[in-house]
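Chains as they are written, first to last, in my numbering: chain A, 1 to 378; chain B, 1 to 378; chain C, 1 to 378; chain D, 1 to 378.
Incorrect hints may appear among the rest.
Just so you know, same-sequence chains aren't split out, so a pair can sit in one copy or run between any two.
Quick list of in silico lysine-lysine cross-link-like pairs, DSBU-like style, CA-CA up to 35 angstroms [to be verified]:
hint : residue 1 : residue 2
1    : K211      : K299
2    : K28       : K317
3    : K136      : K275
4    : K233      : K275
5    : K317      : K211
6    : K200      : K347
7    : K117      : K377
8    : K230      : K247
9    : K377      : K211
10   : K275      : K317
11   : K44       : K230
12   : K230      : K275
13   : K173      : K317
14   : K28       : K136
15   : K347      : K317
16   : K233      : K39
Just so you know, the hints here were simulated from the structure itself, not pulled from any lab data.
Protein chains: 4
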Amino acid sequence: MVGYNFMGKAHSNAWRQVNHFFPDLPAKVEMHTLCGRNKEATQKHAGIYGWNRVVNDYQALLDNPDIDIIDITSPNNQHAAMAIAACQSGKAVLCEKPLAMNLAEAEAVVAAARKHKTINMVCHNYRRAPAIAYAKQMIENGDLGDRIFHFRARYAQDWIVDPSFPLVWRLQKEVAGSGSHGDLAAHLIDVANYLVGPMKEVCGLMETFVKERPVLAEVGAGLSAKAGAKMGKVTVDDAVSFVGRFKNGAIANIEATRFATGHKNGMEFEINGNKGSIMFAFEDMNRLKFFSASDPAGKQGFRDILVSESDVHPYWKAWWPPGHIIGYEHTFVHTVADLITNVVQRKNTHPTFEDGLKCQQVLDAVTASVKTRSWTKV
Amino acid sequence: MVGYNFMGKAHSNAWRQVNHFFPDLPAKVEMHTLCGRNKEATQKHAGIYGWNRVVNDYQALLDNPDIDIIDITSPNNQHAAMAIAACQSGKAVLCEKPLAMNLAEAEAVVAAARKHKTINMVCHNYRRAPAIAYAKQMIENGDLGDRIFHFRARYAQDWIVDPSFPLVWRLQKEVAGSGSHGDLAAHLIDVANYLVGPMKEVCGLMETFVKERPVLAEVGAGLSAKAGAKMGKVTVDDAVSFVGRFKNGAIANIEATRFATGHKNGMEFEINGNKGSIMFAFEDMNRLKFFSASDPAGKQGFRDILVSESDVHPYWKAWWPPGHIIGYEHTFVHTVADLITNVVQRKNTHPTFEDGLKCQQVLDAVTASVKTRSWTKV
Amino acid sequence: MVGYNFMGKAHSNAWRQVNHFFPDLPAKVEMHTLCGRNKEATQKHAGIYGWNRVVNDYQALLDNPDIDIIDITSPNNQHAAMAIAACQSGKAVLCEKPLAMNLAEAEAVVAAARKHKTINMVCHNYRRAPAIAYAKQMIENGDLGDRIFHFRARYAQDWIVDPSFPLVWRLQKEVAGSGSHGDLAAHLIDVANYLVGPMKEVCGLMETFVKERPVLAEVGAGLSAKAGAKMGKVTVDDAVSFVGRFKNGAIANIEATRFATGHKNGMEFEINGNKGSIMFAFEDMNRLKFFSASDPAGKQGFRDILVSESDVHPYWKAWWPPGHIIGYEHTFVHTVADLITNVVQRKNTHPTFEDGLKCQQVLDAVTASVKTRSWTKV
Amino acid sequence: MVGYNFMGKAHSNAWRQVNHFFPDLPAKVEMHTLCGRNKEATQKHAGIYGWNRVVNDYQALLDNPDIDIIDITSPNNQHAAMAIAACQSGKAVLCEKPLAMNLAEAEAVVAAARKHKTINMVCHNYRRAPAIAYAKQMIENGDLGDRIFHFRARYAQDWIVDPSFPLVWRLQKEVAGSGSHGDLAAHLIDVANYLVGPMKEVCGLMETFVKERPVLAEVGAGLSAKAGAKMGKVTVDDAVSFVGRFKNGAIANIEATRFATGHKNGMEFEINGNKGSIMFAFEDMNRLKFFSASDPAGKQGFRDILVSESDVHPYWKAWWPPGHIIGYEHTFVHTVADLITNVVQRKNTHPTFEDGLKCQQVLDAVTASVKTRSWTKV
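Next up, chain A with everything else stripped away, as it sits in the complex (with noise of 0.2 angstroms):
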């Protein structure tokens, strides 16, 4: 694995758990080596994360014969470099979302992983939240009817509300490529392509409401805005609002904001269709609400379901009675438990690059119509 910040804790977290959970799986996780640039640093984490070895030169760690899949968690600039390269090793690939910064790099990454007959998947975690791979069951069966009306999300955070909260790099194009559009508007746009299906247009705008911002400096140890800092200009976007069309005729109504005042982590959506309806909310993550239309008359209601009965519902068996709720890091458990069975098969599951460049397609149709103020094809 490369990289040991938020995502890194996350992947190591599931590497290291998947095996006690899911004792069935066709092999069991070595945790060989965390690759990092700052040695000290990575040392560190490897001891905290549970990693065996450490080297600070990602081609070493693709060098290693004794590794099999190469885990992705380093700054968005580096996913696509890093993917590729990945590839051409010769081993298993996961990349952490966004898989590319923008279109070109992103196919790129895609054409590498076919050239190269990669086993690849890209981290769009949600996927694997056990009422969202339980919503796409019933999607599937039919649940929500055989016509799709509406798509509506939004991914609401408020960490940046505060105009004296410093420049990170998040709020820096050339690092993070896009702010909550690419961080999370892209978790809708995944969402809506695998439940729904492709879009076909979008047009919508984008804002930066705090243009600049203290810059970050060192103090002490670390980075941190001083007072009476430099200021800097935030290049990407604080909030993304978006209406587009699905090719199954489907509308779709999308926003990303970390400017929404008492939101934490939410993520939310919902799905109508001609026979019933679901709406997830990613802090009651293990809850999906579904109306159905073909319950009797007075007795139709959004229901409330907890997501974890062990026989019916995605991944529960794996965890506690129900009732007994999981949480986030939940979500890369099933992820590489699946990744896992599949490179043992040699074969590829969802989201693979391809749903990565799908994404990323929907995210740049949705930058061009901002700059040209019109309806842009995805």
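Fit chains B, C and D to the given chain A structure using the hints.
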């Protein structure tokens, strides 16, 4: 109608509105006479509420041959005597709950109604919230199964948490009869009787958290507690909490309190049967939560039913399109609508004085269990 | 009053009830005359709703010197002409929304009102839900901060999801003007104008999911779709979805639909400011969710405010104790209460015809943006 | 550790995870030895859970000088004897709840711990749900005021509503001690003791709704009920419901049941003080509802606090960004994290065996009150 305070206002509205929303009723209401002891206040409220005439002597009301229905909304300690006199008058009688101050009184009222073949009703208006009326239908249809296990209810308010709140009549046993017990728990007991059936035995506690309060004095035009007011003893319960058994084997857990900080009119109950459960909360009175164990595995969950479909939900045809909600006062309109039909047809509908008596039997059994610190038969 | 259908019923109730709950109003309502074209139906509804007289000719209504206020609840395509005539009559005018079928009509109505110095009001009744009226106060008090970032709203219904639902007047452009746009989005736009301010530009889409429906035919006494009925074209939108920018820098995301299976009257919005946020849902109209970033760290969270405290929450003094909720119809009572005061004082209060015009400006800009597939100035 | 079923799985996970998320703990866990009677099963589970060695004799575990902490997750009827033996071994002891089958046993365990100066803890893991740990801080800070009025709690499950569900060990008194009482009510009582204080007296009922169930027989590899199985007597309670008084004057209402159709792990409680209230529901364990009577008039309401702010909410620093929720198993990780610190520092932290004894005192008083049908001192 006699009385013009909170209940007088709610009842007047019901009489005034009922024909406008239930145009097919077999009679048209004439709001004939309002009766009250205070001449000026009675006159004023008759004007506000829409009563055509005023009397200050209850007997004059009873003696007027043009009046068909007597509606009693006076203080609790006058209910029984007034109801008995009304029965003797040969008119139909609607009596605000509680029917009486105690079991002996309640029995006398029922005896009078029987003797005079009175068309009678006690105003347990919550029975005619559409959600509760529909819950009754569901239980009778077997939607909860053929066996009830639990009735769990709480009525939570918080208006006297502050110890400087004065010693109003509702806190004096000689006028109010009891505190949260007769005022709030009575509603829960009536719903329990209505939806689950009669109780067999009970055991509980009562508590008066604030034992003394400032005495009311005449201040200007009205009554209020003056700074430095004399303290008087609170002679009713602030809270009551009891467990019990129904004759059908279900068990009851009931609590009522005026000391649940944050709850305004938190009348809530849940019923668990072997095939399903329902939950109701008055502050969301247009909703009924329903869990059906007959739903397919994986898709079970409490449904949030908005009880506003005119073709299936009780009383809704009178009002607005689905989702255009109604409120507290409408339960009274439904009550008098049904009463009017019954008066014309010379028959009784629930809740009759007998139902009021059955409620009183449970109230008295709880009170006895508190005194004797042991289980008491109903 | 002219008209006696859904809105006629709601307005009649308001006129009938207002003095009983607002006894201190400077005038007492006399429900003088109901006007409608169909003699029999007008007579019947006058009886049900409590109107004293009936006319079948609108001009007769305008000519009657005993009438002070004209209330227009006829179909949408008659609003403008009737409002203009009413202005000319010198009486005060209340017009149900929408004020007009398009911008030109709306401007003509406003011009007439100005010319004749008409006391005028357009019935955007949701402004006077206590929670929304209180939200207005909170925003003006700075409870959300000094900067608004987001207005996000949806109005979701589901009554025409079934393709066999017939081609009623609300689905015909020549009578209704538009579909969910003017019927539902108009409410959201008015709330946006009221709480956030004027919009600058918009861009969006409209969709008609079911393009043909069975034509209504006379069946027995009324209109209904017969089996094997001829199909007719739906000429209005089933759903509208758009993004926009306010003049104050906030961004808007607004959607209205009659195809959100499971939603009955799901009018919902959220506003995020730099110091707090509010959320409202009409089906829980007695509640306002409020997040305050000024609450102590660790104790921040959306508060579930029951807007029923008579000493602080707008209009509640007229009604019941805290937690004894009110409903849809009460918003109309509050509207006419304020109108009566203003008529007596010869001044206007919001929402005036100008407010109706401002709403129409946004509606028209959205429609134009849909046609041109590009951003449109308001 | 001894035992490898549900609790063994949860405890193992805690030991395995704790250093990875709490890297600053003063000791590093070595998962030394798993003890179980069944050789094969113990070996298998040691592999799955991550234990390095296996023994089949409990004494061997106690005798191993390399082991510092004994963790007991065996069936309830073995807790006391094993805990006493563990105390004698001089090692630190973590014992899954209940500490014992009855008061006498619990007292013997506490006596042993005292005599041997054992570092001891009973695993009431819910105390270390961040929301409950934070509730404790809030109560101590006076956020609920200086007086508590009510503690109201229910633990609702529904896994044995079906009468064909077999007679598992949890339904047999000689193994389980009691039914919902010791299994579920014990959690509520411990929370009550922790957050409100000791109880003074209790009175309640128990009920066994289904009195006979199919006896388990060996079917293939495991135990299960065969069609036509012999029926055996259920010797524990299906539900318990009681009222009580705390020494500080608050009153308690507590109910636990396995017959609340629709509830999976519905552990819920509410506490009302004179300045505020809190509500908690385990199925939404990342949230704490808080009402503050100190909020400005008009803006009071239950706040929905997402207890996931790393700088203020207990234990959250170890995990993820705000709103990225955690689950059931994390309460065990927090428990062993605190235990490890205390073992190194040679001091005890709550809940100690004494806390387990206090819980048992209430449990036994309730049982006595059920038998004697009267109030019982704790």
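Hint by hint, here is what the structure shows:
| no. | hint | result |
| --- | --- | --- |
| 1 | K211 with K299 | between (51 angstroms within a copy, 30 angstroms between copies) |
| 2 | K28 with K317 | both (19 angstroms within a copy, 30 angstroms between copies) |
| 3 | K136 with K275 | both (15 angstroms within a copy, 28 angstroms between copies) |
| 4 | K233 with K275 | between (48 angstroms within a copy, 23 angstroms between copies) |
| 5 | K317 with K211 | between (48 angstroms within a copy, 30 angstroms between copies) |
| 6 | K200 with K347 | within (29 angstroms within a copy, 52 angstroms between copies) |
| 7 | K117 with K377 | within (30 angstroms within a copy, 51 angstroms between copies) |
| 8 | K230 with K247 | between (48 angstroms within a copy, 30 angstroms between copies) |
| 9 | K377 with K211 | both (29 angstroms within a copy, 24 angstroms between copies) |
| 10 | K275 with K317 | both (29 angstroms within a copy, 25 angstroms between copies) |
| 11 | K44 with K230 | within (32 angstroms within a copy, 60 angstroms between copies) |
| 12 | K230 with K275 | between (56 angstroms within a copy, 25 angstroms between copies) |
| 13 | K173 with K317 | between (42 angstroms within a copy, 29 angstroms between copies) |
| 14 | K28 with K136 | within (28 angstroms within a copy, 42 angstroms between copies) |
| 15 | K347 with K317 | within (24 angstroms within a copy, 38 angstroms between copies) |
| 16 | K233 with K39 | within (31 angstroms within a copy, 65 angstroms between copies) |
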